[in-house]
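> Quick note, the sequences are listed as chains A and B, same order.
FYI, the working numbering numbers position 1 of the first sequence as 1, with every residue one higher than the one before it.
FYI, the working numbering numbers position 99 of the second sequence as 99, with every residue one higher than the one before it.
Since the hints were made in silico from the structure, they are not lab data.
Predicted, not measured: the structure shown is a model, and the values here were computed from it.
Incorrect hints may have been included.
[To be verified] From the structure, some residues in chain A lie toward chain B, with a derived Cβ separation under 7 Å: (1) P39; (2) L43; (3) D56; (4) F104; (5) G107.
[As the list claims (entries may be wrong)] Within a straight-line C-alpha distance of at most 27 Å, the following computed DSSO-like cross-link-like pairs (lysine-lysine) qualify: (6) K108(B) to K62(A); (7) K44(A) to K100(B); (8) K77(B) to K108(B); (9) K44(A) to K69(B); (10) K108(B) to K69(B); (11) K108(B) to K58(B); (12) K51(A) to K49(B); (13) K62(A) to K49(B); (14) K49(B) to K44(A); (15) K71(A) to K58(B); (16) K101(A) to K44(A); (17) K27(A) to K101(A).
Ideal Cβ placement from N, Cα and C applies to all residues, glycine included.
Here's the letter readout for the chains.
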Amino acid sequence: NAGVMQNPRHLVRRRGQEARLRCSPMKGHSHVYWYRQLPEEGLKFMVYLQKENIIDESGMPKERFSAEFPKEGPSILRIQQVVRGDSAAYFCASSPPPVEKLFFGSGTQLSVL
Amino acid sequence: AQSVAQPEDQVNVAEGNPLTVKCTYSVSGNPYLFWYVQYPNRGLQFLLKYITGDNLVKGSYGFEAEFNKSQTSFHLKKPSALVSDSALYFCAVRGGGYQKVTFGIGTKLQVIP
Numbered sequence: 001n002a003g004v005m006q007n008p009r010h011l012v013r014r015r016g017q018e019a020r021l022r023c024s025p026m027k028g029h030s031h032v033y034w035y036r037q038l039p040e041e042g043l044k045f046m047v048y049l050q051k052e053n054i055i056d057e058s059g060m061p062k063e064r065f066s067a068e069f070p071k072e073g074p075s076i077l078r079i080q081q082v083v084r085g086d087s088a089a090y091f092c093a094s095s096p097p098p099v100e101k102l103f104f105g106s107g108t109q110l111s112v113l
Numbered sequence: 001a002q003s004v005a006q007p008e009d010q011v012n013v014a015e016g017n018p019l020t021v022k023c024t025y026s027v028s029g030n031p032y033l034f035w036y037v038q039y040p041n042r043g044l045q046f047l048l049k050y051i052t053g054d055n056l057v058k059g060s061y062g063f064e065a066e067f068n069k070s071q072t073s074f075h076l077k078k079p080s081a082l083v084s085d086s087a088l089y090f091c092a093v094r095g096g097g098y099q100k101v102t103f104g105i106g107t108k109l110q111v112i113p
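Bound conformation, chain A alone (with noise of 0.2 Å):
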């Protein structure tokens, strides 16, 4: 049973662009987390997907940000008209439920410039 894949690994955009991360969570899980991570503040919640449904979105910017678990596929976070405070590391986690444990993927390094 392969791990949480994120991909890209490292995305480079300029200000203004978008900016599309990938998660595909571990087979039979249904549940997805999202959180950013930035050096001094911590793993930070964003987003918490179940199939089709997007749960509590409590932590996401409500403009430019957003985020889908569709049906068939990944989910999906949408950063539209980036800009260098988007700049850090974005962590998928994945869980069956019960919500007992996350298994986290590798993340995405996104970068402004």
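Following the hints, put chain B in place on chain A, whose structure we already have.
For chain B alone, coordinates are given in the frame of chain A:
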């Protein structure tokens, strides 16, 4: 709202000595508590969890944690530190009826040879 506090940015310990990494939490209802470890440029790896039962929980790599309900703490411990334990450690919590997992800011553990 649920939250986690890790009061120490960094913990230094000599190899072979016992180590403790502190964590306190705030959550409604019964807590689900977790410790994760992150090595450089990697995703987080699960160490151990407390859901119910014995207050002393044993996990991977010789780590253990003690749940203290009255002090709302869940400190990570190891009897004898190894240089290879040097990493970033995260405490996490979720409420019993709620699936969002909240992480602390992380504590950097440095084991000195």
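> Take the hints in turn and mark each one as holding or not.
Verification of the supplied hints:
1. The interface hint given for P39(A) is violated, since its Cβ lies 10 Å from the closest Cβ of chain B, which is over the 7 Å cut-off.
2. The interface hint given for L43(A) holds, since its Cβ lies 4 Å from the closest Cβ of chain B, which is under the 7 Å cut-off.
3. This hint holds: D56(A) has a C-beta 5 Å from the nearest C-beta of chain B, less than the 7 Å allowed.
4. The restraint placing F104(A) at the interface with chain B holds, with a minimum CB-CB distance near 4 Å, inside the 7 Å limit.
5. Here the hint on G107(A) is kept, as its CB sits about 6 Å from the closest CB of chain B, short of 7 Å.
6. The hinted pair formed by K108(B) and K62(A) fails the criterion: a straight-line CA distance of about 32 Å is larger than 27 Å.
7. Of the supplied pair hints, the one linking K44(A) and K100(B) holds, its CA atoms being roughly 12 Å apart against a limit of 27 Å.
8. Between K77(B) and K108(B) the CA atoms are separated by roughly 14 Å; this keeps the pair inside 27 Å, and the hint holds.
9. Proposed proximity of K44(A) and K69(B) is supported: the alpha carbons are some 25 Å apart, at most 27 Å.
10. Annotation: proposed proximity of K108(B) to K69(B) holds, straight-line Cα distance about 25 Å (limit 27 Å).
11. For the hint pairing K108(B) with K58(B), the CA-to-CA distance comes to about 21 Å; that is within 27 Å, so the pair holds.
12. As the CA atoms of K51(A) and K49(B) are separated by approximately 25 Å, the hinted pair is consistent with the 27 Å bound.
13. Among the hinted pairs, K62(A) with K49(B) is inconsistent with the structure: their alpha-carbon atoms are about 32 Å apart, more than 27 Å.
14. The straight-line distance between the Cα atoms of K49(B) and K44(A) is roughly 20 Å, inside the 27 Å bound, and the hint therefore holds.
15. With a CA separation close to 37 Å, the supplied pair K71(A) and K58(B) exceeds the 27 Å bound.
16. For the proposed pair K101(A) and K44(A), the alpha carbon gap of about 17 Å is at most 27 Å, so the pair holds.
17. With a CA separation close to 15 Å, the supplied pair K27(A) and K101(A) stays within the 27 Å bound.
Of the numbered hints listed earlier, those contradicted by the structure are 1, 6, 13 and 15.
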